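A.B. asks: Each chain, written out:
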Amino acid sequence: MTNLKQVFLRGVLQDNPVLILMIGLCSVLAVSVTTVNAIGMTIAYSFVLIGSELTISAIRNVIPKTLRIPIFIIVIGSFTTIIQLLVKAYSPSLDKSLGIFIPLIVVNCIIIGRVEAFSSKNTMLASLIDSLGMSVGYGMVIVSIAFIRELLGSGTVFGFPIFPSFIKPMLIFVLPPGAFFIIGIEIAIINAINKRLAKNKGK
Amino acid sequence: MNLLSISSSPHIRSGITTRNIMLSVCAALLPSAVIGMAYYGWWQIGLLLVIGVLTAVLSEAILQKILHIPFSYLDGSAALTGLLLVLTISPMSPWWMPLIGSFVAILSKQVFGGMGQNPFNPALIGRATLLLSFPIESTQWIMPYSHVTTATPLNLYKMANFGSEGLNQVVASLGGTLQLAYRSLLLGLRGGSIGEICFPAMLIGFLFLLFTKVVSWRITCSYLVTVIVLSLLFKLDVVVMLLSGGIVFGAFFMATDYVTSPLLPKNQLIFGFGVGFINMIIRRFSGMPEGTTFAILIMNIITPLLDQSIKKPVGFVQEVKKL
Numbered sequence: 001m002t003n004l005k006q007v008f009l010r011g012v013l014q015d016n017p018v019l020i021l022m023i024g025l026c027s028v029l030a031v032s033v034t035t036v037n038a039i040g041m042t043i044a045y046s047f048v049l050i051g052s053e054l055t056i057s058a059i060r061n062v063i064p065k066t067l068r069i070p071i072f073i074i075v076i077g078s079f080t081t082i083i084q085l086l087v088k089a090y091s092p093s094l095d096k097s098l099g100i101f102i103p104l105i106v107v108n109c110i111i112i113g114r115v116e117a118f119s120s121k122n123t124m125l126a127s128l129i130d131s132l133g134m135s136v137g138y139g140m141v142i143v144s145i146a147f148i149r150e151l152l153g154s155g156t157v158f159g160f161p162i163f164p165s166f167i168k169p170m171l172i173f174v175l176p177p178g179a180f181f182i183i184g185i186e187i188a189i190i191n192a193i194n195k196r197l198a199k200n201k202g203k
Numbered sequence: 001m002n003l004l005s006i007s008s009s010p011h012i013r014s015g016i017t018t019r020n021i022m023l024s025v026c027a028a029l030l031p032s033a034v035i036g037m038a039y040y041g042w043w044q045i046g047l048l049l050v051i052g053v054l055t056a057v058l059s060e061a062i063l064q065k066i067l068h069i070p071f072s073y074l075d076g077s078a079a080l081t082g083l084l085l086v087l088t089i090s091p092m093s094p095w096w097m098p099l100i101g102s103f104v105a106i107l108s109k110q111v112f113g114g115m116g117q118n119p120f121n122p123a124l125i126g127r128a129t130l131l132l133s134f135p136i137e138s139t140q141w142i143m144p145y146s147h148v149t150t151a152t153p154l155n156l157y158k159m160a161n162f163g164s165e166g167l168n169q170v171v172a173s174l175g176g177t178l179q180l181a182y183r184s185l186l187l188g189l190r191g192g193s194i195g196e197i198c199f200p201a202m203l204i205g206f207l208f209l210l211f212t213k214v215v216s217w218r219i220t221c222s223y224l225v226t227v228i229v230l231s232l233l234f235k236l237d238v239v240v241m242l243l244s245g246g247i248v249f250g251a252f253f254m255a256t257d258y259v260t261s262p263l264l265p266k267n268q269l270i271f272g273f274g275v276g277f278i279n280m281i282i283r284r285f286s287g288m289p290e291g292t293t294f295a296i297l298i299m300n301i302i303t304p305l306l307d308q309s310i311k312k313p314v315g316f317v318q319e320v321k322k323l
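Going down the list, the sequences are from chains A and B.
The first sequence: position 2 = 2 (my numbering), numbered continuously.
The second sequence: position 173 = 173 (my numbering), numbered continuously.
If we strip away everything but chain A, and leave its shape as in the complex, we get (with noise of 0.2 Å):
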């Protein structure tokens, strides 16, 4: 059970895919502009991520070592293209402010490296747990980097403004490089917690 656990926090703390991995960075980097945005973005890659890595465990067995990337490529893009028709579906502008970025799941690095790395080797449950712990890792940062960005920016949250007229906002941080400023930030501080944990589990 505790294994259980270490597997579910690894994704959010010590092999946090974003920010220590730093795998996948296209996608929080271009879509993290409204924090609805980055929502929308986390609800499909976790629906990828979650249904990709349970089917591989359970098929692990009986793919064949040389053949496995196709079989790993066409599970994911078969995930990637129903969440693609569910969003065009039930909510074309979200589909239209995500654009590119649904149907690039298929190529997101962390996807094809749990995949590969985890699930491929491990049980259903495990996996379960392992793509769990790495959606709420990948949506914990992209979901606070467009919360601040919104907030700096465009002076909002969540589409609603928030400061009197005469405070401006930045419009730096809806532009890219605001997006690698408040990356750099949470880098830093989820290594300053990381090195904490290693400290205390040293004593």
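Any given hint might turn out to be false.
[Claimed, not checked] In silico contact screen, one side only, chain A against chain B (beta carbon under 7 Å); selected entries:
| no. | residue |
| --- | --- |
| 1 | MET170 |
| 2 | LEU171 |
| 3 | ILE172 |
| 4 | VAL174 |
Since the hints were derived computationally from the structure, they do not count as laboratory data.
In this text, all values refer to a predicted model and were calculated from it rather than measured experimentally.
The beta carbon of each residue, even a glycine, is placed where N, CA and C say it ideally should be.
Got chain A sorted already, so can you dock chain B onto it with the hints?
C.D. replies: Chain B only, in chain A's frame:
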């Protein structure tokens, strides 16, 4: 490789300290600052200068405390950054712009480890942040004395796609005849940032730095020569290109920053060429009328690469083996 060879005492003590260098650059900027105040109003510009410098020194002290960097906020480098920043913003800036700009400038230096570690010119980072964050407030230009809202000569020139029509508009906005326009450009009677307008004032400051050997001529010269050559190549008016916008200020005071420019003479020439080249490409082909800030920042990134060509320690003398 041993980069720094330390011999035993006695050592020669030179008078060059960080504080001396910073203070002489501040002194060199004084004429430009005074002209800026005289042109745009003593109180208004004076206030911006005080806010910029004070914020820079204060944020340096606070950030050094937070980041556990040894205190050096009174060595003049922070004050210089604040001064440089205010001299590169619009004279119409509201009071909170130097506040934010100075803080960002110092932050961009301290997060990399403080003085000497910063890859980018701090003042220019502050200016770029302001320009990108508050595009409207950052690009309101006024004429000296009359305070009439105006477009910068570069903007007029660019709007007309750099044709003879654009040159005519520039001339019309600056006195009517070509001669008067050149005179206005030389004296800084045009729209522009606080410190970048008056060429003679900047030249006095730069010559002072040159004669006290604080800066070398290489970066400045290769920068300006590149701009002149490219202006001729692109068939642009050389005088308008040189004397409007921030090229002279950038070449004199920004590109020559010690920390963010290369060490070796040959690399300094390459650095100056790169800045001039990128600057002219931005002016001629991009959506923005002026690109000095971004040209210098881009070349700042390349500085460490240029300095990798250093194969032996600077100033190293091979010991002569006695038999």
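A.B. asks: Less than 7 Å between beta-carbons is the criterion; does LEU171(A) satisfy it with respect to chain B?
C.D. replies: This interface hint holds because 5 Å falls under the 7 Å limit.
A.B. asks: Next item in the hint list is ILE172(A). Is there a CB on chain B closer than 7 Å to its CB?
C.D. replies: Nearest chain B Cβ about 4 Å off; hint holds.
A.B. asks: Can VAL174(A) be said to touch chain B, with a Cβ gap under 7 Å?
C.D. replies: violated (10 Å)
A.B. asks: Close enough to count: is the Cβ of MET170(A) nearer than 7 Å to one in chain B?
C.D. replies: holds (4 Å)
When held up to the earlier numbered hints, the structure conflicts with hint 4 and nothing else.
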